[in-house]
Every structure is written in C-alpha cells, then in structure tokens.
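Trainee: The primary structure of each chain is shown beneath.
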Amino acid sequence: MYKDSLIYGLTQVTNYRSEVWLTILNKFVYLASIVFLWSLIGKAVNGIVGVTSLISYFLIANGVQGLVDGESLRYSKVINHEVKLGGLSAHLLRPINPVLFLYFSFLGTRGVTLLMTIILMLVGFAFLPSITILQVILFLASLLMAFIMGFVFNLFVGSLSFWTPEANHLQNVFSHVIRVFSGVLIPISFFSGNMKTILLLSPFPSMAYLPSIIMQSKTMSADMWMIFSASILWSVLLLPLGFWFWKKGLRRYEAIGI
Amino acid sequence: MKPSVFEEIKIRWVVLKANTMFSVKESLVYSLNNWGGLASTVVYMVTYLVFLSAIFGRVETLAGYNYSEILLLTLVSQLNFYLAWVWSIRNLDQLGEDVKTGKLDLILTKPLPALWYMTFQKVNLFMLVFEMWPATLPLVYLLIKNADFHISLWGTFLGLLTFIFGSIAIHCFQFVLTLISFWTGEYRGLNGLSYQIAFFGDAIPLEAYPKRIMSLGLTAIPFLAHTALTTSLVLGKTTSVNWVLLTFMVMIAFIIIKVKMWNLALRHYSSASS
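So the protein sequences, as listed, match chains A and B. Read left to right, the first sequence gives residues 1 to 258 (this note's numbering). Read left to right, the second sequence gives residues 1001 to 1274 (this note's numbering).
Rather than coming from a laboratory, the hints here were simulated on the basis of the structure. Be aware that one or more of the hints could be misleading.
Straight line, CA to CA, 16 Å or less: simulated EDC-like cross-link-like pairs of lysine to aspartate or glutamate [as the list claims (entries may be wrong)]:
hint	chain 1	residue 1	chain 2	residue 2
1	A	Lys43	B	Glu1008
2	B	Lys1110	B	Glu1026
3	A	Lys43	B	Glu1207
4	B	Lys1100	A	Asp4
Far from chain B by the CB rule (all over 10 Å, computed), these chain A residues [said to hold, decoys possible]:
hint	residue
5	Tyr30
6	Ala44
7	Val45
8	His81
9	Leu85
10	Ile96
11	Asn97
12	Phe106
13	Gly111
14	Leu114
15	Met116
16	Ala141
17	Thr164
18	Met195
19	Met220
20	Ile232
All C-beta atoms, glycine included, are put in the ideal place defined by N, C-alpha and C.
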C-alpha cells in the first residue's frame, strides 16, 4: 500500500511537466545567486577558502537539504493540509500508519525533485579533487542522520497543526531558522566563539553542513566528530519524541471529533 | 459615449480604494494569521542579520560595500520585498488562480478596467503596519548603530526614483510571466520563478555584477534597478542621471509590454472559453 501511495504521488506530479521544469529552473536561479554571493565572499576571504570548494560545498549542502526536505519542510505542509481539511480522518480509519502512508505519498510527488537534488550533489562531488571510500561511508551515514532530522522536524511542525491550523507560518519560522543554522546559506565554520559551539552541538548542522563538510575534508576534525556525535544523539532522542508529539496531537484531534 | 480622462481616473481610484479597504478588512479577520506572519518575518530578519554579521566577522567589505552599506542594501531590499507583497505578488497569484478556476470570466463581465482591477485586486496595507515595521526594526537599529557612510539629498532623490521605476518594471515583468498561465493553465511554477528572478541576489551590490549581467538586469530582466541600483545611487557610488533615465524608459517599455500581452492573453482566453 505504501508503494502504491508512492507511485500515485509520482503520477500526480508528472502530469504537470511544465511545473516540474519551472521548479527545477527556480532552484537553479536560487543556487546561482547563492554561488555568486559566495564566490564574492570567497574572493574577499582570500586564502581561507577556495571558490571551487565553496561552490562544491553549497551544491552538496543544498542537494542534501533538498533530498531530506530539511529546509522547505514540505511534508509538514502535507500534514497541515490533511489536519486542517479533515482528510486525516479517512487515513485513520484504514489499517495503515498514517504518518508513513502520507510520507510515501509525499515522496512520490517529490520524485523529480529528488532526482534533481541527487544530480546537484553529483555536480558538487565533481568539483572535488578526489573522494576516498571513508568519505563516501561517512557521507552516507550522515545522510541517514540528515534524513532522520528532516523527517523529525517535518513531523514536529506538521503535528503543531493539531493545536493551530495556521501552522504554515510556524513552518516558515522553522524554515528561516534551519536555513541559516543548518549551513545551507552559510557554512557553520563562518560563525565564531560560543555561537559556533552551540550550533555544532545543535541538531541543525546534521541537515546540510555535516554531509557537505565530510566531502570537503580528507580527515575528520574535532568539530566534525562533535557534530557527528551530536547528530547521533539528536536522532536517537528526537525520533521517538516526534512520534510521541504526533500521538499527543492525534489524541486531541480525536477528542475534538473532527 | 467614450468616458473622459477624468472619469477614467475616477473609476480607477474607486476600484483601488474599494480593493484596498476589502484587503484590509480581510487581513483583520484572520488575526492568528497575522501573528504567524509577524513571527515569520521577524525570525527571517533576525536570522538574516545573524547571517550578515557572521560574514562580516570574516570580511571587511563585499564588492566595495562595508557592513553598514550592506545593511542599507538590505533595508532597501526589505522595503522592496514588503512593497511587492503589499500590491504585486498576491495579485499575481490571484490572477493565476482566477485564470485556472475561470473566475476571470466574472471579472471580465464587470464594467471595470479589467487590467487595473487585476493589478490592484489585493492591496494589503495592513502588512506594512503589522509586519514590515516590527520586522525591520532590528535592521534599522543596527543600521543607525553602525552607520558608516555618507548619503546626499540628490543621491537619495535619484534612488527614490529608481526604486519606484524599478519596482513597477519588475512587477510588469512578473505580470507578463504570469500571463503565460493563460496558455498553460498552471501558474505556481511561473510565479515561483518570477519571484526568484525579481529578488535575485538581494544581498549582492550592483558593483559586483559582471557588465553583461548588469546590462541584462537593468533592461530586459529588470531585477537590478529596484534594489541594487537604488542603493548605489543613495550611497553615491553611482552618480550618473543616465541610469535613472534608463530605468524610466525600461519601466515605460514594460508597461507597454504588459498592456499588449494582457490584450493578447485575453484574446486567447476568450477564444478558449467561447
């Protein structure tokens, strides 16, 4: 049933091919502006970072974040829509896990976008001088954690819809915070002092900074180990918490009797 | 009998006033929505300022602009952003939706100047009061605290002109892109792309662009006039009046293109629905 949901979502989105291409073009323009800005910054901080390295960093970081839906939090919008319009009730009656069912349906609608983000990451890899096996293994491990964190944030923000139907604005709030603190707009290494330490220990860098920086460095620095360990901890802690929050909201939804 | 010029202006004023009042009432009804919007814009501004301070913790200048000059560029960009949300972007979405759902049929039957009505269908002045000023306050505070630039009255006047001309030109450009939905039936992708182009590189000063992109951004795709050129003129980095004249001519050209494309799209729309 989850597979059917995925295929249905994919069929739905491919019906509007022009929209798909325009979305790809939109992302391309956005990335062009980011890369252009950072090429200017790269020149200004001469000797600290190379322009090629920055381009690679942003392509991979944006690719990962797009892949795990970490910034736009589109899955949370799907949950919000289902809760607000009462569509969730139909899913609750069926012998399925509504969170997973909706997620697979959502994944299907993102089929083309996911392909694009993978291409984006591959282009980012192409800018790297060389890649080791260890980097690939660590990258895949970090990608898994990025996926978990992206899913948890979506589930958390989506579940807020049980309390307020205007969760779309809250979703924007989270998006802004994630955009800056996950490293998709600015590498965490640009922050300094306590701010940097707090960010490294927070769950945000695992969604873009960590996977991207792993591919940039041949060896794991102390900072990278710190984010890696923190990410594992956050994943273990937040995934059950996300489901707990969903269930708490669901009880409220059922109590209201929508 | 053809109405006089004064009657034409009066009708347009009445339409604008009625749409503005309705939009304000609409905004006031959804108070929770307003609080959510305020939270979103304030958080955006604060995170953006964190982003800028992190960058300027590492660099002295960006394309010749120091921290305070970039803050001024951000302020102009923010003013543009809110102005676009107040009268342009929502109307573009509404136009696309009206074409898709067929609601445009109803609007076309009304004895109103249709293009004017569609341009100003929603004018959300409430956003200026409730979202713009609270969200911009941290930026204004930092700007005053770090002010390290000189601005002249003449430069500010020229900047004001390019701000207005540039905003109108980019609106017309976006409107023309939305009109493609008369043929495709879908508008979200088009509007998303036009928004991305309109606010391309809003943190990048004019002087950073290569000459070819600058020429393109000030003429065919006028995304540089409303923010980058305006800031450059205000700061006195660009002094020639020719740029203002060019922006004015581009605005006129885009208004003409908008009207022509609207008529063309309407002809297509009529033939499709008849």
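Trainee: For a quick check of understanding: which of the numbered hints are violated here, in increasing order?
Mentor: Hints 1, 2, 4, 5, 6, 7, 17, 18 not satisfied by this model.
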